[in-house]
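Between the sequences and the hints, there should be enough to build the whole structure, so can you do that?
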Amino acid sequence: MQSVGPAGFYNAPISKVIALSVGATSLLASVLNIKPYFHLQLSPHLTTHHQFWRLFVSHLAFANSSDLLFGGIMIYHMRVIERHFGTAKYAAFIAIAWLVSTLLEVGALVMLSKLGLRSIPAGPLAILFAMLYQYHRIIPVTYKFKIFGATLSDKTYIYVIAAHMMLSQSIATIAPAACGLFAGALYRSDIMGIKRWRFPKIVNNFASRILLPVVASAPAARSTATTPEQRAQSTGLPMEAMMATGIRNRRQAGRGGQPRGGVDGTMREYIGTLAGRAPEAGTSARPPSEEHIAILMTMFPGQTRETVIHALATAHNDLNRAVEIMLSSP
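Residue numbers in the sequence shown follow UniProt numbering, run continuously in steps of one, and reach 330 at the last position.
Think of the hints as simulated: they come from the structure by calculation, not from any bench.
Don't be surprised by glycine CBs; every beta carbon is placed ideally from N, CA and C.
Watch out, some of these pointers could steer you wrong.
With a straight-line Cα cutoff of 30 Å, these simulated DSSO-like cross-link-like pairs (lysine-lysine) come out [unchecked claim]: (1) Lys114 to Lys35; (2) Lys16 to Lys114; (3) Lys155 to Lys89; (4) Lys16 to Lys155.
Quick list of the computed label-pair ranges, beta carbon to beta carbon [unchecked claim]: (5) Asp190 to Val141: 23 to 29 Å; (6) Ser30 to Gly302: 37 to 43 Å; (7) Ala218 to Ser21: 19 to 25 Å; (8) Pro219 to Gly116: 28 to 34 Å; (9) Arg118 to Pro219: 44 to 50 Å; (10) Thr48 to Ile171: 21 to 27 Å; (11) Ile73 to Leu99: 21 to 27 Å.
In structure tokens form, the structure reads like this:
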């Protein structure tokens, strides 16, 4: 299972709002027996009854418990996209994906009616697949493994869940999934500069001052992981990076080489880093190593070398802290 960045919804308030809203709306729709109001159907709802509000509410609730479960898992894991984009950009992306995928779904209902597409099931399936496209293009593979000769990765099970949701109701779910993938690809292509669009400043200020304190999550508790596998999962670093760091440290210890200041100075610097204190005045800052730069460039291919070096310098060459800085920066 992939774990990129801190657990929970820390630095991902939009993802938290989406998960809670969709979950609560789905439960209310089931309890109040109003599920028929959430699916999208061209005739008679749109053409005869002019129920255009369905274009909006069709994305607010899932129709059954299995879709709610798998959809919730996908929303939770897509929070890494929000950390990569930043909250303001991610909110704009969700709004654009919502609009584009809804228009595409209406077009699919018109063009695919002869193939048996009569309605679009309730749920934000198209928006989830727009997120999935960004996830596929942006988030790197953390580790790979083999099962019966087939090479899989930590991202495979998310793709399996997505495939199940896409194929669960044949063309009725394939169509919105395809619309979502197209919307995600359209956003990624940056046609007409849509990636630069943001909500007005007054909206962002209202959300950051009024809404963010209500929905923001506290940082996750410090990890107690002790094995390399547990540390890799808790920090989100590739196992290769953890092994390379350990090998380098063992080689330095074998040669008897200690950084300036000896063991006591190293321990004081390490404790100071954990406590969030700046280095002592007598400690000279070491330039980021090429190994750490290469690891971060692999994990964040969309970032420049200067951004990676700045993150490492801010983290005092602590690779774990540098990854958290990169994930939390817009």
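Outcome of the hint check:
no.	hint	result
1	Lys114 to Lys35	holds, 26 Å
2	Lys16 to Lys114	violated, 39 Å
3	Lys155 to Lys89	holds, 23 Å
4	Lys16 to Lys155	holds, 21 Å
5	Asp190 to Val141: 23 to 29 Å	holds, 24 Å
6	Ser30 to Gly302: 37 to 43 Å	holds, 40 Å
7	Ala218 to Ser21: 19 to 25 Å	holds, 20 Å
8	Pro219 to Gly116: 28 to 34 Å	violated, 49 Å
9	Arg118 to Pro219: 44 to 50 Å	holds, 47 Å
10	Thr48 to Ile171: 21 to 27 Å	holds, 23 Å
11	Ile73 to Leu99: 21 to 27 Å	holds, 25 Å
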